[in-house]
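A.B. asks: Letter by letter, the chains look like this.
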Amino acid sequence: MKAIKNFFERTKPLVQKGAKYHWLHSVHDGFFTLFFVQKNTAKTGTHIHDYIDLKRTMGIVVLALIPALLMGMYNTGYQHFAAIGQLDSASFIDTFLYGFLHVLPIIIVSYVVGLGIEFVFAQLRGHDIQEGFLVSGMLIPLIMPINTPLWMIAVATAFAVIFGKEVFGGTGMNIWNPALIARAFLFFAYPGQMSGDSVWVSLGGEKAVDTFSGATPMALAAAGHPQVNVADAFFGLIPGSIGETSTLAILIGAAILIITGIGSWKIMLSTVIGGSVMGLLLNTFAGSNAYMAMPFWEHLIIGGFAFGAVFMATDPVSAAQTETGKWIYGFLIGFLAIMIRVVNPAYPEGMMLAILLMNTFAPLIDHYVVQSNISRRLKRAKVKA
Amino acid sequence: MSKVINLKRGLNIRLKGGAEPVFGTSAPADKIALKPTDFPGLVPKLTVKVGQEVKAGEPLFFDKYNPEILFASPVSGTVTEINRGERRKILEVVVTADGKSVSAEFTKADPQKLTRDQVKEQLLKGGMWPFIKQRPYGKLANPAIVPQHIFISCFDSAPLAPDYELIVKEQIADFQTGINALAKLTDGKVYLGLPGNVQNSIFSGIKGVETNVFNGPHPAGNVGIQIHHISPLNKGDLVWTINPQDVLFIGRLFETGKADFSKIIALTGSEVKTPNYYKTVVGANLASLLKGATKQTTKERFISGNVLTGKQITADDYLGFFDSQVTVIPEGDEYQFMGWADPGFNKFSASKTFFSSLFRKKEYVLNANMNGGERAFVLSGQYEKFVPMDILPVYLLKAILVNDIDKMEQLGIYEVIEEDLALCEYACTSKIKVQDIVRQGLDVMIKEVG
Numbered sequence: 337m338k339a340i341k342n343f344f345e346r347t348k349p350l351v352q353k354g355a356k357y358h359w360l361h362s363v364h365d366g367f368f369t370l371f372f373v374q375k376n377t378a379k380t381g382t383h384i385h386d387y388i389d390l391k392r393t394m395g396i397v398v399l400a401l402i403p404a405l406l407m408g409m410y411n412t413g414y415q416h417f418a419a420i421g422q423l424d425s426a427s428f429i430d431t432f433l434y435g436f437l438h439v440l441p442i443i444i445v446s447y448v449v450g451l452g453i454e455f456v457f458a459q460l461r462g463h464d465i466q467e468g469f470l471v472s473g474m475l476i477p478l479i480m481p482i483n484t485p486l487w488m489i490a491v492a493t494a495f496a497v498i499f500g501k502e503v504f505g506g507t508g509m510n511i512w513n514p515a516l517i518a519r520a521f522l523f524f525a526y527p528g529q530m531s532g533d534s535v536w537v538s539l540g541g542e543k544a545v546d547t548f549s550g551a552t553p554m555a556l557a558a559a560g561h562p563q564v565n566v567a568d569a570f571f572g573l574i575p576g577s578i579g580e581t582s583t584l585a586i587l588i589g590a591a592i593l594i595i596t597g598i599g600s601w602k603i604m605l606s607t608v609i610g611g612s613v614m615g616l617l618l619n620t621f622a623g624s625n626a627y628m629a630m631p632f633w634e635h636l637i638i639g640g641f642a643f644g645a646v647f648m649a650t651d652p653v654s655a656a657q658t659e660t661g662k663w664i665y666g667f668l669i670g671f672l673a674i675m676i677r678v679v680n681p682a683y684p685e686g687m688m689l690a691i692l693l694m695n696t697f698a699p700l701i702d703h704y705v706v707q708s709n710i711s712r713r714l715k716r717a718k719v720k721a
Numbered sequence: 003m004s005k006v007i008n009l010k011r012g013l014n015i016r017l018k019g020g021a022e023p024v025f026g027t028s029a030p031a032d033k034i035a036l037k038p039t040d041f042p043g044l045v046p047k048l049t050v051k052v053g054q055e056v057k058a059g060e061p062l063f064f065d066k067y068n069p070e071i072l073f074a075s076p077v078s079g080t081v082t083e084i085n086r087g088e089r090r091k092i093l094e095v096v097v098t099a100d101g102k103s104v105s106a107e108f109t110k111a112d113p114q115k116l117t118r119d120q121v122k123e124q125l126l127k128g129g130m131w132p133f134i135k136q137r138p139y140g141k142l143a144n145p146a147i148v149p150q151h152i153f154i155s156c157f158d159s160a161p162l163a164p165d166y167e168l169i170v171k172e173q174i175a176d177f178q179t180g181i182n183a184l185a186k187l188t189d190g191k192v193y194l195g196l197p198g199n200v201q202n203s204i205f206s207g208i209k210g211v212e213t214n215v216f217n218g219p220h221p222a223g224n225v226g227i228q229i230h231h232i233s234p235l236n237k238g239d240l241v242w243t244i245n246p247q248d249v250l251f252i253g254r255l256f257e258t259g260k261a262d263f264s265k266i267i268a269l270t271g272s273e274v275k276t277p278n279y280y281k282t283v284v285g286a287n288l289a290s291l292l293k294g295a296t297k298q299t300t301k302e303r304f305i306s307g308n309v310l311t312g313k314q315i316t317a318d319d320y321l322g323f324f325d326s327q328v329t330v331i332p333e334g335d336e337y338q339f340m341g342w343a344d345p346g347f348n349k350f351s352a353s354k355t356f357f358s359s360l361f362r363k364k365e366y367v368l369n370a371n372m373n374g375g376e377r378a379f380v381l382s383g384q385y386e387k388f389v390p391m392d393i394l395p396v397y398l399l400k401a402i403l404v405n406d407i408d409k410m411e412q413l414g415i416y417e418v419i420e421e422d423l424a425l426c427e428y429a430c431t432s433k434i435k436v437q438d439i440v441r442q443g444l445d446v447m448i449k450e451v452g
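Just so you know, the protein sequences line up as chains A and B, in that order.
337 is the number of the first residue of the first sequence in the working numbering; add one for each residue after it.
3 is the number of the first residue of the second sequence in the working numbering; add one for each residue after it.
Honestly, the hints are just simulated from the structure, not real lab data.
Any given hint could be a false lead.
What the hints assert, rightly or not - As a list, the in silico DSBU-like pairs of lysine-lysine whose alpha-carbon atoms are at most 30 Å apart:
| id | chain 1 | residue 1 | chain 2 | residue 2 |
| --- | --- | --- | --- | --- |
| 1 | A | Lys602 | B | Lys354 |
| 2 | B | Lys275 | A | Lys379 |
| 3 | B | Lys141 | B | Lys260 |
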C-alpha cells in the first residue's frame, strides 16, 4: 500500500506539464485516484465535503449489477446444457463456469475498448478521467445476446463511447444512455446477427437436441404464441440478453440502488406503472389477439423491461432531472415500451427504443417543469409593505 | 400573528465539538482589525493614518460610493497597521487597543421618540450601518432606500452554531431598543424568525415585531430561507437583514450614547479542548483566545464562522466582521487508501452510501479533505434535498454558469446568497463549487441590474 503510494508520488513529477510523460497525465491521475482519495483540501467555499464522490456512486451501481451478472452467467450455462440435452448431468459448478468463461471475454472487451477511448479523450482534453464508463462498461455486456461476436462488442462500444458520449463532452453531457446506444447500434447495423433464435443460447460448438428452439419468450409472443413460464422468467432461466433475464437479481439490484438513494425510485416505480397501464389497456381491447391478452404483469418479468426500468431509465444524466419530470419520463417509458412490444411486430423488444426515445424528450419534459416553476414563483402570494 | 413553518428539506451535519453553555475566560484581544474584504463589493476610503489615535465608534474608513457609511473602530487605541494586498487593495486596518474602551459620544435617546432620519443618522455616525445587509445580493444596505421589511433570524442552524438565546439573554433590553431603532427604518414590519426547538424563546417577548417559528434542519435558521416563506422576493423587491447579536450594538448605542462593540462568540470544533463561549469584540485578534485552546494532535484548520460558510484564517488572525463563531477542524490533507470503497462506519455522509447512515445520533469528526475530484453535474435530485425553497438549484446554477440574466431572475437569484446553497456544496458528489458560482451570479446581477 505504501509502495503503491510511493510509486505514484515519485512518478507524479514525470507527468506534470512540460515533463517527458505528460501524455500519460490523465491515466496517472486516473489510477492514482483509484487507489487513493487525494489529499487536497478545500480552498474556497465549504470547508467540509461529503465523503461521497463519483467513484463511490458508480461503484455502487456496479455492485447493484453484480446479482444480475452472476445470474446471467449461470443462465448462460443453464441454457447451453438445456439446449444440448445434458442439463441433468451438468453440475452447478459446470453450469456456472461455462457461463463465466463465455461472459467474461465480453466484459473484458467492453471495458478495454471503452476505457481506452475514455483515457485518450481525457488526455486530449486535459481532463481527469471521469467515472461514467465504469457503469456503461458493465451495462453493455449485460444487454447483449451471448452469441454476439467480440468484434461486434468492440465496434459497438467504440461507437457508443465516441458518438454517444464524447462528442457531447463526456460524462454528464450525453443525451442518450451510452450502453443503449451500443445495443441500438448493433440492432440496426447487424440485424441478422442480433436477432432471430440462434443468438440467445450459446451452443459452444455442440449439437442442439431436436426439441430445442432457442426462441425467447418475446419472440414467441411476437409470433402470436405467448407462453411464459412465470417461475423461470422470474428467476431468470429463460433465453435472453445476458443480464436481463433474472427479475429476482434485478430486484436485488433495485433494492441496493433505492436504499443507497443512488437510483431514482420515482423513475423505477413510474416505469412499472406506465408499463402496467399499457398492459391493462391492451388486455381490455385484446379480443382474440393472444399477445394483447397476455396478463399485463407478465410483461414486467420478460424481456428487458425490468432491467431497463432499474438500470437504464434511471441513468441520471440522460433521464429527466426534475423530480416532477421523473414521474412523467418513467411513466412514458413503461407505456411506450409495452406498446412497441405488442403493437409493432418488427420490434419484439420495445424497452430499448422507449428509453432512447424518452432520453431524447427528457430535456423537453424538464423544460416544462422548469417553466411551471418560473410561473408559479411569479404568482406567489406576498406580504405587502 | 405568529406562523409556524415546518421545513423538511435540509441537513444537520452532526459534528463533534459543539460549545457547552459555559463562558470561558481569555485575555482580552490586544489588537483588532476591520477587513474591507468582509463586505462584498466594498471600495474603502481611509480616514485614518498609521499612528493616529481613535476612540471606539470613530471611523477607520468609509464606502467610496456611499460616503455616509462609516466603518468604525470597535475599540479605542492607535491605528498601527494598514495592510494592503495586490494593487494596494486594503486588506486590514489594525487598531492596537489601549484597554480603556473610550467611546466617542453619541446621542442617548429613546429611538421611538426620534424620527427616521435621526435614527438613520445616529446609526451611520456610530458605525452601525455596515451590520445591515440588503436582500437581494446580501450586500451593504443603501441608506437612501426604505426597505419593504427587515428580517432577523434569531437562531443559527449551521453546524456547531452558537446559541443566540444564551448570548442575548442578559441583554434583552438592549435587543428591544435595537429593534425599536430598526423599526423606524422601514414602512413595513420587523420580522423575527424563532427556533421551533426552543420552548419559551427569549425573543418571543420582543415587542413591535412579527414573529414566526421555523422548525426543521439547517438551513431553517438562514434568514434567506425565512424570507422566502414569509415574503418571497421577486424582481424589484428589497428587504434588509441583520444578525441578532449586531442588534445589540444598535441598542447599546441608543441606551448609553456610546459605541460598544463587545460580543460573545462560540469557540467550537472537534480540535478545541473545551468548546465554550467567550466574550470578545468585533474584529478581535484571536491569538490570545486560540493559544493553547486546541488539541494540536493533527494539522488544524481555523475558521472564522462555521464550516459551511466561514473563512479560513490562521491562529493569530482576526475574527470576521459578522462572525459569532470560530471553528477548528482537522485539515485532513492525507491520502485515503481506496477511500471511495470504504464501508464508512465512521464517515458521516448526506448520502446513504456509507454504513454511518445507520447511526442516527452519533457525532463525527470531519476534516477539510475534498474527498474526491471535481466532475460535471452527473446526479440529479441531490441539491433539491437541501434547499427548503421553491427553487430549482441546479437550473439556477446552470443559468449563472451560462450568464443568462433573464433565467437567473426567473429561477430565483434574488432570493439566495451563498449561505443558502452551502449545503449543496457540502453534499455534492461532483464537488462543484456551488458558493463560488452563486457569488459569480450575484456579482453579475449587481453589475448589470444593480
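A.B. asks: Against this structure, judge whether each hint is valid.
C.D. replies: Now for the hints, and whether the structure bears them out:
1. At most 30 Å may separate the alpha-carbon atoms for a hinted pair to count; Lys602/A and Lys354/B meet this at roughly 17 Å.
2. Between Lys275/B and Lys379/A the alpha-carbon distance is near 25 Å, which keeps this suggested pair within the 30 Å criterion.
3. Between Lys141/B and Lys260/B, the direct Cα distance comes to roughly 26 Å. Compliance with the 30 Å bound is thereby established for this hinted pair.
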